[in-house]
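Q: Here's the letter readout for the chains.
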Amino acid sequence: MDMAIENGKEMRLMKGNEALAEAAFRAGMKAYFGYPITPQSEILEYLAFHAPEHPDVVVLQAESELAAINMVYGASGAGARVMTSSSSPGISLMQEGLSYMTSAHLPALIVNVQRGGPGLGTIQPSQSDYFQAVKGGGHGDYHLLVLAPASVQEMVDFVFEGFRLSEKYRNPVMILADGALGQMMEKVVLPPAGTLPKADVSWASTGKPAARERNIITSLFIQPEKMEMINLGLQEKYKKMESEIRYELIECNDAEIVLVAFGLTARICQKVIELGREKGIKIGLVRPITLFPFPYDILNRMADSVEAFLAVEMNAGQMLEDVRLAVNGKKPVHFYGRTGGMIPSPEEVLRKVGAIIERVLV
Amino acid sequence: MENVVTKNEMEIVYKKPKTITDTPMHYCPGCGHGVVHKILMEVIDELGIQDQTIGIAPVGCAVFAYDYMNIDMQEAAHGRASAVATGVRRVLPDKYVFSYQGDGDLAAIGTGETIHTVNRGENILMLFINNGIYGMTGGQMAPTSLIGMKTTTSPYGRDAAQVGNPIKITELIAQLPGAYYVTRQAVHTTQAVRKLKKAIETSFKYQKEKKGTCFIEVVSNCPSGWKMTPVEANVWLEKNMFPVYPLGDIKSPK
Amino acid sequence: MIHGTIVVAKDICKACELCITACPQECLELSPHLNEKGYRYAQLKNDTCTGCINCAIVCPDSAITVYRESKKKNAS
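Chains as they are written, first to last, in our numbering: chain A, 1 to 362; chain B, 1001 to 1254; chain C, 2001 to 2076.
If you are wondering where the hints come from, they were derived from the structure by calculation, not from laboratory data.
Treat the hints loosely; a few may be bogus.
Lysine-lysine pairs mimicking DSSO-like chemistry, simulated, CA-CA at most 30 Å apart [unchecked claim]:
1) B:1205 to A:30
2) C:2010 to B:1197
3) A:352 to A:240
4) B:1016 to C:2045
5) A:330 to A:15
6) B:1007 to C:2037
7) B:1018 to C:2037
8) C:2045 to B:1007
9) B:1095 to A:198
10) B:1015 to C:2037
11) B:1198 to C:2071
12) B:1197 to B:1211
13) B:1227 to C:2045
14) B:1195 to C:2071
15) A:198 to B:1208
16) B:1007 to A:30
17) B:1007 to A:198
Just so you know, these numbers come straight off a predicted model, no measurement behind them.
Could you put together the complete structure from these sequences and hints?
A: What follows is the structure, encoded as structure tokens:
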């Protein structure tokens, strides 16, 4: 593997999926359970290949995504730092388990390297699992904390952040990537191993010593009073998560038209800004990094000064709904999306900008 | 009445195991679950492994098992108990782990997990309570319901042509190399309970030695679902369930 | 004959009668009285109990504690 040490930092040229897997080892992951599915199989492959170098880490190929997420449930409930990964159809199969995990307050890192759907769909990149990722996904009132990487570097960094946040809030965290981020190679700086401290897991079911009450991992609260308490607790937790809201602003200071895009499309939009500004159009970009909690406030404030927003997504308009909620009618919110594994080109996005401002730009 | 001895002059020869909590059980009168819970905890007490045991109870009548067993436990989604148990045992390889599953859980919705957990030879004890009916949801047909058995979803009797035959999952999984000890027991008589206790003790011993999966089917009753008194249910069980699910070891190490 | 006796946690008992069936001495019956849940709980009907524990072993609700004359006392 290509590797260099620059300024004491370990730098490699790596594929997104493999970089994420290496980061998981370095972040102190104790167990991984997963099932092969394109375009994320390199995660399990990388972990399996390098497992002998990490004898204290469990790497197990499950018989299905259903089994995998429930193995994650068990291992997390037993106090281990645990991860699974899949792609869209497989993540759909995991929704029941994720609902149980949120109710049982179990931390874990879930990686979705999205592909185009619905159905078996295509193995090409997509962002069409946005609703599923940020609005709950399974049954009941719950959310995952969702991080959207836009580079291979963030595929690495968000593994550390994801584990940390999941343990801080005792809630599953999802890295919502896409097939392109999983498959493309970029230069990455790999953080050293052993830098992420383990959170307190005194709640875990590890065997009851005589001196403590038994630890029960459950999502079953048959008394409605108790079930409502659990729900209120979850909502309070999601409120607290708002302190984790992250986003990136690019050329927004003087922007008249603000693009809103996450992940891969945010990178495409950077080229749109460049092309637009060459033609004298002041375009900016807001890139939500946490998709849940969503950066509503910044968009709402920005609506006071910009002319219009354009949500750009690789889906039929999902984050668009959150952008509209944020802007709350102050300014027009437009949409440009491609679906089914198609990736929008900067030119076609710019053409949409032209349509909004009624100028031919491309 | 000579030689009458009062209680004060006697010694206690049997009492509730200390690892059974004081919470009254929600099970119907005469239900086999209570007996299996008690014997399981009795073994855990006698082996002194309360602090090293993690139990997994999935959806089914025994989903509340953690209210009665004074050990660390995890509730699991329907059918996924053995996957959850796998997760626990893999990260705590020196602890004792058991799953406690019903027939719907283990032999219908969780068949895939059951087969693959055993195939991997996970070092866990899988306790499989087979009473041929879905108790918790109100008496629907189970994968193990007998031919002709009337349930709320087979009101005219189970018809093999329509829904297949009762699945003998215990015989099926015994074929897998990962299965180390596979046995079928019952709890309808004192003698049967004693044999079950022996089987549980044996399973924990093998688990400590990391021999592979131990699997105990308990042919049990469901007086409410079968619409019988508990005494009638245990008679019916012997007459009707045992011919299809004969008791005894199905696979035991040489 | 060794003597024994039992104590039934009567408010736990659900009157399933499995202990009555299991008792080789036929010394158990259901009480004519109801417990707090409305069950006629199990009780001894005579003093022929030998403390064999069969009733307690099959009791699904762990409601029976069994006492037996100590062997030491019996031998003396």
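Q: If a hint holds in the structure, say so; if it does not, say that too.
A: Going down the list of hints, with the structure as the test:
no. : hint             : in the structure
1   : B:1205 to A:30   : holds, 27 Å
2   : C:2010 to B:1197 : holds, 26 Å
3   : A:352 to A:240   : violated, 37 Å
4   : B:1016 to C:2045 : holds, 22 Å
5   : A:330 to A:15    : violated, 41 Å
6   : B:1007 to C:2037 : holds, 27 Å
7   : B:1018 to C:2037 : holds, 24 Å
8   : C:2045 to B:1007 : holds, 16 Å
9   : B:1095 to A:198  : holds, 21 Å
10  : B:1015 to C:2037 : holds, 22 Å
11  : B:1198 to C:2071 : holds, 25 Å
12  : B:1197 to B:1211 : holds, 19 Å
13  : B:1227 to C:2045 : holds, 29 Å
14  : B:1195 to C:2071 : holds, 26 Å
15  : A:198 to B:1208  : holds, 28 Å
16  : B:1007 to A:30   : violated, 55 Å
17  : B:1007 to A:198  : violated, 55 Å
Hint check: violations occur at hints 3, 5, 16 and 17; the rest are consistent with the structure.
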